[in-house]
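Asks: Sequences and hints are given; from them, build the entire structure.
Numbering (this note's numbering), first residue to last: 16 to 492.
Warning: the hint list may mix true and false statements.
[What the hints assert, rightly or not] Taking lysine to aspartate or glutamate and the EDC-like style, the derived pairs with C-alpha atoms no more than 20 Å apart in a straight line are:
(1) K28 / E88
(2) K84 / E204
(3) K371 / E431
(4) K417 / D448
(5) K417 / D467
Bear in mind the hints are in silico, worked out from the structure with no lab data behind them. A quick note: this is a predicted structure, and the numbers were derived from the prediction, not measured.
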Amino acid sequence: MEMPQPRADILAKKARVVDRLLAVLPEDAVIFEEHEVRAYECDALTAYRCPPLAAVLPSSTDEVSAVLKVCHEEGVPVVPRGSGTSLAGGALPTADSVILGVARLNEVLETDYDNRFIRVQTGRTNLSVSGAVEEGDFFYAPDPSSQLACAIAGNIAMNSGGAHCLKYGVTTNNLMGVTAVLMDGTVIEIGGAHLDAGGLDLLGVICGSEGQLAVVTEATLRILRKPEGARPVLMGYDSSEVAGQVVSDIIRAGILPVAIEFMDRPCIRATEDFAHAGYPDCEALLIVEVEGSDDEIAAQLGVILQIARKYDPVAIRESQSADESARIWLGRKSAFGAMGQINDYMCLDGTIPVDKLPHVLHRIGEMSADYGLEVANVFHAGDGNMHPLILFNANQPGELEKCEALGADILRLCVEVGGCLTGEHGVGIEKRDLMGVQYAPDDLEAQMRVKDVFDPAWLLNPAKVFPLTVSAPRRAA
16 MEMPQPRADI
26 LAKKARVVDR
36 LLAVLPEDAV
46 IFEEHEVRAY
56 ECDALTAYRC
66 PPLAAVLPSS
76 TDEVSAVLKV
86 CHEEGVPVVP
96 RGSGTSLAGG
106 ALPTADSVIL
116 GVARLNEVLE
126 TDYDNRFIRV
136 QTGRTNLSVS
146 GAVEEGDFFY
156 APDPSSQLAC
166 AIAGNIAMNS
176 GGAHCLKYGV
186 TTNNLMGVTA
196 VLMDGTVIEI
206 GGAHLDAGGL
216 DLLGVICGSE
226 GQLAVVTEAT
236 LRILRKPEGA
246 RPVLMGYDSS
256 EVAGQVVSDI
266 IRAGILPVAI
276 EFMDRPCIRA
286 TEDFAHAGYP
296 DCEALLIVEV
306 EGSDDEIAAQ
316 LGVILQIARK
326 YDPVAIRESQ
336 SADESARIWL
346 GRKSAFGAMG
356 QINDYMCLDG
366 TIPVDKLPHV
376 LHRIGEMSAD
386 YGLEVANVFH
396 AGDGNMHPLI
406 LFNANQPGEL
416 EKCEALGADI
426 LRLCVEVGGC
436 LTGEHGVGIE
446 KRDLMGVQYA
456 PDDLEAQMRV
466 KDVFDPAWLL
476 NPAKVFPLTV
486 SAPRRAA
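Replies: Given below as structure tokens:
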């Protein structure tokens, strides 16, 4: 779906803004030709597109500061962009905005194994952070499915998680400090290479703020020693509800696996055709991974397998080698790409209490039948972070709108059972108009007052997160 095209007044302003940007950045760092800015017209939520006024690719904090000063003085909105992997429209531009991409901010600035941190520029990809400390036998814990491509900047903006967040937490639990630039170009330092900072927890405010408060250019990240060993077990069941109950029982037993992942039949079928991981023929599949010493692994798996066998599994496969572990994870890591090969889909991101999994999976099945749209489920079951994939035909009139309506009903269900609208993808534009389902007007007002402090003119990442009906007066002021 195409967003509205630029107005004449926006185009008239473009020449002056581009000239000023070229004065503070190298020529190859300013992108403004119509055919070139098309590359930045959307992120991974491809249903919505809008070419920006221009795009810039700074290489340092000073250059980011210079860009923001120009845009602040010109009253030009700025949309920060990591790698463009946002599934919530977090990096979708407006026609009068400048995209600020951090791809060239990709250096490792400092590594300290004794104090267990790494400081990087935030355009660096998630997976390459672990790669940078692998020789020291360390790793960076948050591991989104898009970790090969997604940038640390986007991870901080959306407070991303991943398969192993059940044990190690999401980005906010592994972020120690940031260098950030406010909309007027002011550079601030929050936190640092220490366990905690005094005063207000401004780091917690920045992490998950979806690029609405500041542009984060450098991050100090906690790194961890690699565990002695890790072993996944794969379990197949005849129904999604039964698999959900197994997850609930594992958590209730006091076991803390490093990951519990869920896939249902549509997703299993697609990943098998795509990756040939050798998954069993079943309605629902769980991958549970534990780590530690051999004795710790054996003790944890003993309890998990005892619970699993109570529910008559179709199959149980406990890894006995690194190669077998890789094959167990192969299909799960390939799931989103595999689904994309067979159909258009919208990936949701609601979070629910773990004990509600059986009920919510059953209701999603009923909703899918009511709407006549297939839903494939693949998600981080251990912490209740749901990722229903709604399949639809983007070329058929009305299908996208029907898909969005089903998605909204699923997210409302998540809130009804005590969960929330998002676990790691963020709100962006996808869930913007559902914020009133979870938050009362006074709650939204309190959140918007925080943005007022950091970005009084509301120029950073406009028209995101807050319903337009409540944010419009501030954006127009």
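Asks: The structure should be examined with respect to each hint, and the outcome stated for every one.
Replies: Hints, one by one, checked against the model:
Restraint check for K28 and E88: the C-alpha separation of about 13 Å stays at or below 20 Å, so the hint holds. This hinted pair checks out: K84 and E204 have alpha carbons roughly 18 Å apart, not beyond 20 Å. For the hint pairing K371 with E431, the CA-to-CA distance comes to about 11 Å; that is within 20 Å, so the pair holds. A hinted pair counts as satisfied when its Cα atoms are at most 20 Å apart, and K417 with D448 qualifies at roughly 16 Å.
Proximity of K417 to D467 is assessed by CA-CA distance (about 35 Å); at most 20 Å being required, the pair is judged violated.
In terms of the numbered hints stated before, the structure departs from hint 5 and from no other.
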